[in-house]
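Protein sequence lines correspond, in order, to chains A and B. Anchor point for the first sequence: position 137 equals 137 in my numbering, and the numbering is continuous, going up by one each time. Anchor point for the second sequence: position 17 equals 17 in my numbering, and the numbering is continuous, going up by one each time.
A portion of the hints provided could be inaccurate.
Stated by the list, open to error - Dumping the calculated BS3-like pairs for lysine-lysine here, alpha-carbon to alpha-carbon at most 27 Å:
hint, chain 1, residue 1, chain 2, residue 2
1, A, K100, B, K253
2, A, K240, A, K253
3, B, K41, B, K100
4, A, K240, B, K253
5, B, K253, B, K41
6, B, K240, B, K253
What the hints assert, rightly or not - Just a sample of chain B residues kept apart from chain A, beta carbon distances all over 12 Å, derived:
hint, residue
7, A11
8, H98
9, A115
10, G117
11, R133
12, R142
13, R147
14, M149
15, A169
16, G239
17, G248
18, T251
19, C264
20, A279
Just so you know, the hints here were simulated from the structure itself, not pulled from any lab data. The beta-carbon is built from N, C-alpha and C at its ideal position, and this holds for glycine as well.
Protein chains: 2
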Amino acid sequence: MFAQSLVGAAAAVAAHLETLLAEHQALPVVEAMGYATRGGKALRGYLVLESARLHGVPEGHAIWPACAIEAVHAYSLVHDDLPCMDDDDLRRGLPTVHRKWDEATAVLAGDALQALGFELVSDPRCHPSGEVRADLALSLARAAGARGMVMGQALDMAAEATDVPLDLAQITALQAGKTGALIRWSAEAGARLAEVDPAPLTAYADRLGLAFQIADDILDVEGDAAMMGKAVGKDAGRGKATFVSLLGLDTAKLRARQLVDEACDALSPYADRAENLRAAARFVISRSN
Amino acid sequence: MFAQSLVGAAAAVAAHLETLLAEHQALPVVEAMGYATRGGKALRGYLVLESARLHGVPEGHAIWPACAIEAVHAYSLVHDDLPCMDDDDLRRGLPTVHRKWDEATAVLAGDALQALGFELVSDPRCHPSGEVRADLALSLARAAGARGMVMGQALDMAAEATDVPLDLAQITALQAGKTGALIRWSAEAGARLAEVDPAPLTAYADRLGLAFQIADDILDVEGDAAMMGKAVGKDAGRGKATFVSLLGLDTAKLRARQLVDEACDALSPYADRAENLRAAARFVISRSN
Numbered sequence: 001m002f003a004q005s006l007v008g009a010a011a012a013v014a015a016h017l018e019t020l021l022a023e024h025q026a027l028p029v030v031e032a033m034g035y036a037t038r039g040g041k042a043l044r045g046y047l048v049l050e051s052a053r054l055h056g057v058p059e060g061h062a063i064w065p066a067c068a069i070e071a072v073h074a075y076s077l078v079h080d081d082l083p084c085m086d087d088d089d090l091r092r093g094l095p096t097v098h099r100k101w102d103e104a105t106a107v108l109a110g111d112a113l114q115a116l117g118f119e120l121v122s123d124p125r126c127h128p129s130g131e132v133r134a135d136l137a138l139s140l141a142r143a144a145g146a147r148g149m150v151m152g153q154a155l156d157m158a159a160e161a162t163d164v165p166l167d168l169a170q171i172t173a174l175q176a177g178k179t180g181a182l183i184r185w186s187a188e189a190g191a192r193l194a195e196v197d198p199a200p201l202t203a204y205a206d207r208l209g210l211a212f213q214i215a216d217d218i219l220d221v222e223g224d225a226a227m228m229g230k231a232v233g234k235d236a237g238r239g240k241a242t243f244v245s246l247l248g249l250d251t252a253k254l255r256a257r258q259l260v261d262e263a264c265d266a267l268s269p270y271a272d273r274a275e276n277l278r279a280a281a282r283f284v285i286s287r288s289n
Numbered sequence: 001m002f003a004q005s006l007v008g009a010a011a012a013v014a015a016h017l018e019t020l021l022a023e024h025q026a027l028p029v030v031e032a033m034g035y036a037t038r039g040g041k042a043l044r045g046y047l048v049l050e051s052a053r054l055h056g057v058p059e060g061h062a063i064w065p066a067c068a069i070e071a072v073h074a075y076s077l078v079h080d081d082l083p084c085m086d087d088d089d090l091r092r093g094l095p096t097v098h099r100k101w102d103e104a105t106a107v108l109a110g111d112a113l114q115a116l117g118f119e120l121v122s123d124p125r126c127h128p129s130g131e132v133r134a135d136l137a138l139s140l141a142r143a144a145g146a147r148g149m150v151m152g153q154a155l156d157m158a159a160e161a162t163d164v165p166l167d168l169a170q171i172t173a174l175q176a177g178k179t180g181a182l183i184r185w186s187a188e189a190g191a192r193l194a195e196v197d198p199a200p201l202t203a204y205a206d207r208l209g210l211a212f213q214i215a216d217d218i219l220d221v222e223g224d225a226a227m228m229g230k231a232v233g234k235d236a237g238r239g240k241a242t243f244v245s246l247l248g249l250d251t252a253k254l255r256a257r258q259l260v261d262e263a264c265d266a267l268s269p270y271a272d273r274a275e276n277l278r279a280a281a282r283f284v285i286s287r288s289n
């Protein structure tokens with residue numbers, strides 16, 4: 001049920017993005033934009049669609065912010081993979097954009113994907129009322145910028161430049177920005193579209209985001225590159241502080257499970273209707289537990 | 001009168017951006033964001049403020065989109081200067097961001113400046129009504145993305161990869177994206193804020209944008225690096241097609257002057273109230289004629 005629903009959402013997001021990019025001029029940068037958005041699980045897009053469904057917002061509207069967040073997420077991966085950043089050759093089992101094309105194409109494709117994200121959340125078709133409302137764009141800009149995702153990346157970079165490993169509070173703050181901000185925005189999107197209080201979704205997303213990062217750190221130690229479709233063991237290899245290095249493997253796994261339980265509990269106002277979101281939370285740590 | 005007004009606008013934009021960035025965490029990326037937005041003429045921000053003034057929109061509102069366009073323009077310069085793009089060491093007479101910090105900081109600062117731009121145009125304080133309206137964000141996303149500025153950059157990159165120089169129609173299309181799209185957005189912003197037809201401003205901006213690029217090509221041949229605060233002679237040195245290489249120096253100067261006259265004429269519905277915008281158009285080519 002959940003697995004099918006996740007695959008269906010990823011296909012819907014991919015098809016919509018494909019249609020949008022087909023309206024662009026045929027250029028390597030545009031081709032790279034499509035390439036970078038394909039092949040992922042579209043978890044963030046799924047959270048948008050599910051939180052919209054919970055609030056009775058039709059998928060025809062929710063698909064716009066769902067594609068927006070996938071475009072922004074894809075931009076962040078393309079830039080993260082650059083030689084001057086994480087210098088990764090492999091992403092989702094395929095060459096990264098700067099390896100398949102070149103660095104300039106990767107910089108521009110990432111830049112254009114970020115702009116595309118803001119174009120999609122500003123589109124009146126996001127809203128059942130057809131209004132041109134900026135609250136999605138405003139919240140996304142805050143989540144993506146130097147007080148959200150980029151702040152997390154900047155903290156990460158600053159930490160790598162010193163020899164003092166981060167402590168648990170610091171790494172939690174870092175991850176709340178780096179991966180947490182977009183996940184929170186995605187989960188809240190449905191409430192925002194329906195103009196209702198997002199509090200239960202915020203509580204859900206914050207726990208989910210943290211569990212997600214802990215799971216990622218576990219996979220960096222236990223995962224295998226072929227299965228992950230990207231390099232593993234990089235953090236541990238560099239002596240970088242992670243949830244696993246700070247908590248130990250067993251405690252990290254336990255903490256991830258606790259967070260998922262808390263995330264599921266936070267959805268109690270939605271009762272059984274939020275089962276897909278609960279399944280998404282369990283899915284996030286399933287590969288690492 | 002105009003010169004004073006331009007300097008005043010640049011100071012107002014700089015002060016507002018300074019205040020906004022002071023609310024961010026003190027990090028090298030945030031410092032680089034401030035650095036990248038300082039020291040320019042703020043021509044695009046000036047166009048926003050002037051077109052707003054023409055429509056009776058108070059500066060307290062117009063300052064938001066004025067800062068937004070300067071943030072987006074600054075992002076484009078930071079990324080353009082990267083080693084994998086134009087590889088420039090000097091900008092506005094100072095080291096470029098990747099030279100003063102490093103490439104990773106430049107990528108992230110550019111990314112965050114783009115997000116900041118979208119945050120500012122989505123802010124309800126843009127609008128005298130206090131409404132959360134997305135039309136500024138939507139139009140800016142289209143101007144900045146793969147159908148606007150990035151398209152122009154991508155066409156430029158594609159042209160450099162071939163040995164066939166662009167013709168006049170191609171270079172005009174390229175520049176309409178690369179520099180024209182943000183200039184058009186800036187000039188139209190006041191009409192958009194006042195919810196009136198931007199047609200005269202569009203006509204003005206399209207001619208201004210083209211004149212601006214022709215002037216830039218002239219300065220690349222005739223300018224001197226110390227006066228310009230950046231490298232010159234790069235395009236000519238690479239045998240790249242420019243308006244000067246295609247038209248010759250004298251015809252290029254004549255065409256720039258004609259375009260400025262046309263730009264000024266397009267503002268006739270505003271009569272004398274648009275004198276500052278006309279002066280801005282004359283200013284754009286003044287250094288090259």
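Given the proposed pairing of B/K253 with B/K41, does the C-alpha separation stay at or below 27 Å? holds (22 Å)
Could you let me know if the closest chain A CB is still more than 12 Å away from the CB of B/C264? holds (31 Å)
Does the alpha-carbon distance linking A/K240 and A/K253 stay inside the 27 Å limit? holds (19 Å)
Any Cβ of chain A at or closer than 12 Å to B/G239, or is the non-interface label fine? holds (19 Å)
Does B/A11 clear chain A by more than 12 Å, comparing its Cβ with all Cβ atoms of that chain? Check passes; 23 Å lies beyond 12 Å.
Decide, holds or violated, for the assertion that all CB atoms of chain A are farther than 12 Å from the CB of B/R142. Its Cβ does come within 12 Å of chain A, the nearest being 6 Å, so this is violated.
Within 27 Å, alpha carbon to alpha carbon, are A/K240 and B/K253? violated (57 Å)
Claimed clearance of chain A by B/G117, with the beta carbon kept past 12 Å: violated (8 Å)
Run the C-beta distances from B/A169 to all of chain A and say if the shortest one exceeds 12 Å. holds (15 Å)
Taking the closest pair, is the beta carbon of B/A279 still more than 12 Å from chain A? Since the minimum Cβ distance to chain A is about 31 Å, B/A279 lies beyond 12 Å and the statement holds.
Just double-check B/M149 for me: nearest Cβ-Cβ distance to chain A has to come out over 12 Å. violated (8 Å)
Checking the smallest CB distance to chain A, is B/R133 really beyond 12 Å? Violated: least Cβ distance 6 Å, not greater than 12 Å.
Of the numbered hints listed earlier, those contradicted by the structure are 1, 4, 8, 9, 10, 11, 12, 13, 14.
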